[in-house]
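Colleague: Keeping their order, the protein sequence lines are chains A and B. Anchor point for the first sequence: position 98 equals 98 in the working numbering, and the numbering is continuous, going up by one each time. Anchor point for the second sequence: position 316 equals 316 in the working numbering, and the numbering is continuous, going up by one each time.
Hints are supplied without guarantee of correctness; some may be wrong.
[Claimed, not checked] Chain B side only, calculated, beta carbon under 10 Å to chain A, not exhaustive:
no., residue
1, R81
2, D89
3, A154
4, D155
5, T156
6, P157
7, D158
8, G160
9, S320
10, G352
11, G353
12, T594
13, L599
[Said to hold, decoys possible] Computed spacing ranges between beta-carbons, pair by pair:
no., chain 1, residue 1, chain 2, residue 2, range
14, A, G16, B, G558, 13 to 23 Å
15, A, L14, B, T454, 52 to 62 Å
16, B, S175, A, D65, 25 to 35 Å
17, B, E159, A, R53, 14 to 24 Å
18, B, E588, A, A143, 51 to 61 Å
19, A, G36, B, A361, 50 to 60 Å
20, A, R53, B, A361, 30 to 40 Å
21, B, A361, A, L14, 36 to 46 Å
22, A, A143, B, P15, 39 to 49 Å
23, B, E166, A, G41, 15 to 25 Å
These are computed hints drawn from the structure, not numbers from a lab. All C-beta atoms, glycine included, are put in the ideal place defined by N, C-alpha and C.
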Amino acid sequence: MDHGRFLIEELCRLTGFSRRTVRYYVQEGLVDPPAGRGRGGYYSDLHVAQLARIRQLQDEGYRLDAIRGMLFPPRVAADMAEAARPAEPAAAPTPEPGPAAESAASAPGSSWTRHVVAPGVELHISAEAASHLGPAVETALEALRSIIHHRGGLHE
Amino acid sequence: MSDLYGMLTRTGSNPVPLAGVRVTGDILGRGAKVKVAQRFHNRESQAIETVYRFPLPETAAVCGFSAIVGGRRIAGSVEEREKAFETYDDALARGDGAFLLDEERPNIFTLSVGSLPPNAEAVVEIEYVALLDQRGKEVRFSLPTTISPRYLPADTPDEGGIPARERIHPEYAASVPYGLSVEIAVRDPAGVESVESPSHLISVSMGNGGTTGGTSTLVRFASETVAMDRDFVLTVARRGAEQGRAWRFSGSGRTWVQLDLAPDEAESAPGAHARREVIFVLDCSGSMQGDSIDQAKRALEVCLKAMETGCSFNIVRFGSTFQSLFPQPQAYGERSLGEALGWLAAVNADLGGTEVLAPLADVYRAPVTQGVARSVVLLTDGEVGNEVEVMSLVRGGSAGTRFFAVGIGAGPNDHLVRGLARAGGGTAAFIFPGERIEPRVLAIFRQAIGARVTNLRIDWETTAGAAGRAEQAPVSPTLLLGEPMSVFARLASGAAVPAGVAVNAEIDGKPVRWEVPVTDAGTGSIPLPTLWARARIRDLEESQEAGGRGSRQQRPKGEAWKQEVICLAREFGLSSSLTSWIAVEEREEKDRQTGEMVLRRVPTLVTVGWHGIGSVRGAHFGAGLVMSQAAPSVCESRPEPDALCKSPMRMDMADSFMLDAKAFFTRKAPMTPGIARTAESADSTVTDVLMALLSLQCVDGGFDLDDAMLARLGIAPAGIAAAAASMPGDRQAALRVLHTAIVLEVLESRFADERETWFAAVRKSRAWLKQATSGWGQAIGGKSVAQWAKELSARAAGSKMP
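Turn these sequences into a full structure, and let the hints guide you.
Modeller: What follows is the structure, given as structure tokens:
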């Protein structure tokens, strides 16, 4: 899949993202780092495809926090994964763990997305459930956040 | 405070690259010229890119940016925001050094320092100019030092494909190894009466300093550096405040004019204006816990007591949800006031998130009764990140409604507070914890219920008659009686230099006209073209944010406003929402850093008092020392233990000493000869008497004075009793009439300097007295009640001053 060899400005032109945004996505692990060292590296069709996917989801009305969860469902602690067996392996590939995966241990066989509802409150959804639920996940998150705020919750 | 809802991160083993911040500046009358120097040092063994997010006042026109590396100064330039980023990015890719300053909000900036090699140092200097708030003779300088976590509603859209929080929140830490030092030079042609800080312990001396090095009153922190966890607030009392002045500056074939107008509130006839409805909106979100909610409640109480019969009011408190005191605004009276005070006493900051949009939308949805002018008074720390949406709502709200905002706490979001006041044709005030609430809040409240100035028109070329139009900024300024307004204009090319500016307006429907002579601004003052350009850029940015609503006349269509902002920002060297500052350090081939570098975000402190964490209490008026200019040139002493023990605030202060070794105190420094003394005498006592006096006011406006108060005023009760006996009607009612007349006279004769504080509070007293004594004539031994009170007060003043 690694075709093309683009400099950052060409990548921006091809995808319509500003350079600032591309650098941010790379920094956040949403887009792979360029080949070669430092900022002068090269980008390929893979990067174009990654950015196109983000753009597509944005056009569908998703915000980056949701997109992050959809693109890189992190794996959660083994015990939770154990309880969820026998789930199908994740349909979506997980090329790089996103930042949300930092605290999640690897759990072979199933892929879960961790959504932060409010500080100290998380919602974990398996890749399989997410594919059935689609945009309902976002709706559920909004509802949960609203309930927590309504109760004079933690988040400010 | 080791973990704040998971927001505070440990700085870990990576050394923090920011070594310190030094602020030098000049306060010149109402203007300020400030330089913020941030020193970075890479203590790591690898190259780093460091990102520092920090606040500046939203009034700042950021007009200078440079970096000093290896003894070399690299001057920055202004570029369109994304182009500046590309220049920065290209420089880093080449291995050069680069410095980028982005404006995320008018009061939030991000500095990126690219590729700092191991052990390298760099100093970044950011310069800004600003016009300061002025109330009466007091000018207020405020410098924010940290950005409180801002609440973003769950549906906040991304900005440029990046979550909004990423543009406004710094990294937070429980402690940081760097601090702030300041040196502010205060100069005023009219003279400086006193300098004080409600936020920090300061030292005041005469000397050479500031950005120009000239002789002036120099203000520094009493300690070398302070923690960057609260605004630095400095108030300067000037000798004499002008009513109306205008300045001109000519250069590059163009002329700029600045008009400062501060019409006295006496220009409006009391009681002549329409009926008022006041809706108080009180922020009860979690971030208001602690100092802030207590202050806001007190401020609201002060307003409620100062309200006049004939007004109606309601109180809305909000967090994630909102509640109203009454289903509909209620007429002001004994009963509604009692209900409101009882309700207020039970209010806590327990409503969670800061969903400010919903309660304001609800307020604006409610229709206003015919013939009633509505004012909304918001009390908040403003810690939200959706300023644009909230301002948009207020700007598009009903035309008869004015918006007033009071910023509470040690680090309020001044962009929201000021922006809302601008959008709603009102004004803003700020109260630092421990600061006297009454003067500021009453000044705001007086304008909320006072006369309204409409149909304001400024004629910039009274003698010229030149072709073309003056470009005025702001296009639609708000003029409030008793509040200085500054408006700028760039005159048409080739226009004759004007000798005067004429202002036409209506006060409660009656036409008025002011003519203000224009004098030369000279050099060395705050640059007029810069202030004009900043105001014009703000106009363009904010009228665009209104999305076409409101009544801005000069809003360019489509994207043209963006081009104008970018052109102005580049021409005048200013940052804006669409432009950034960029400086590139070109390196020799051998010094280029093309290898890997790691990103280091500078951690910052959370504002003290935020969410009730920590407290600034103890920084109290009345708790500081009164220093004298005749004292040694540098006064570095902390308050004497004796002085602390005598202070009425000693418990607060003792607590704060125990809780926080870096306790801060107010320091007041009058610029007149005198001896050092505690604040228990002099001004604090004057203010205490005044406050005690005002607290005796009844709902109808009349006063009932007790013997203790009369004794403090030096007035014998016997004389009053004798006079009451000679008056018609009930004796108790007669006493209230006489007491009220005495209070009004005492306020005028002895508290003229504190007029700001009492003026609104006693307007209803005057009206009440007039009504109560109508037809009495020369009731007391051939004298009117007012004459009698005047003579009594003068006799008492001769024997005892408060």
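Colleague: At a threshold of 10 Å, is the proposed contact between B:T594 and chain A supported by beta-carbon distances?
Modeller: Hint on B:T594: holds, closest Cβ of chain A at ~6 Å, below 10 Å.
Colleague: Can you verify the interface hint for B:G353: is its Cβ closer than 10 Å to any Cβ in chain A?
Modeller: holds, 4 Å
Colleague: Could you tell me whether the CB distance from A:L14 to B:T454 stays inside 52 to 62 Å?
Modeller: holds, 54 Å
Colleague: Could one say that the CB atoms of B:S175 and A:D65 fall in the range 25 to 35 Å?
Modeller: holds, 29 Å
Colleague: Quick check: does the Cβ-Cβ distance between A:G36 and B:A361 fall within 50 to 60 Å?
Modeller: holds, 52 Å
Colleague: Can the hint on B:G160 be confirmed by a CB-to-CB distance to chain A that is less than 10 Å?
Modeller: Because about 6 Å separates B:G160 from the closest Cβ in chain A, which is inside the 10 Å limit, the hint holds.
Colleague: Closer than 10 Å between Cβ atoms is the bar; does B:D89 clear it against chain A? Give me holds or violated.
Modeller: holds, 6 Å
Colleague: Hint check: is the beta carbon of B:P157 less than 10 Å from a beta carbon of chain A?
Modeller: For B:P157, the interface hint holds, since the closest Cβ of chain A sits about 7 Å away, which is under 10 Å.
Colleague: When the nearest CB of chain A is found for B:D155, is that gap smaller than 10 Å?
Modeller: Interface hint status for B:D155: holds (7 Å vs cutoff 10 Å).
Colleague: Minimum Cβ distance from B:G352 to chain A below 10 Å?
Modeller: holds, 4 Å
Colleague: Given the hint of 30 to 40 Å, check if A:R53 and B:A361 actually sit that far apart at their C-beta atoms.
Modeller: Since A:R53 and B:A361 have Cβ atoms about 37 Å apart, the given range 30 to 40 Å holds.
Colleague: When you take the CB atoms of B:E588 and A:A143, is the distance between them in 51 to 61 Å?
Modeller: holds, 59 Å
When each numbered hint is compared with the structure, no violation occurs for any of them.
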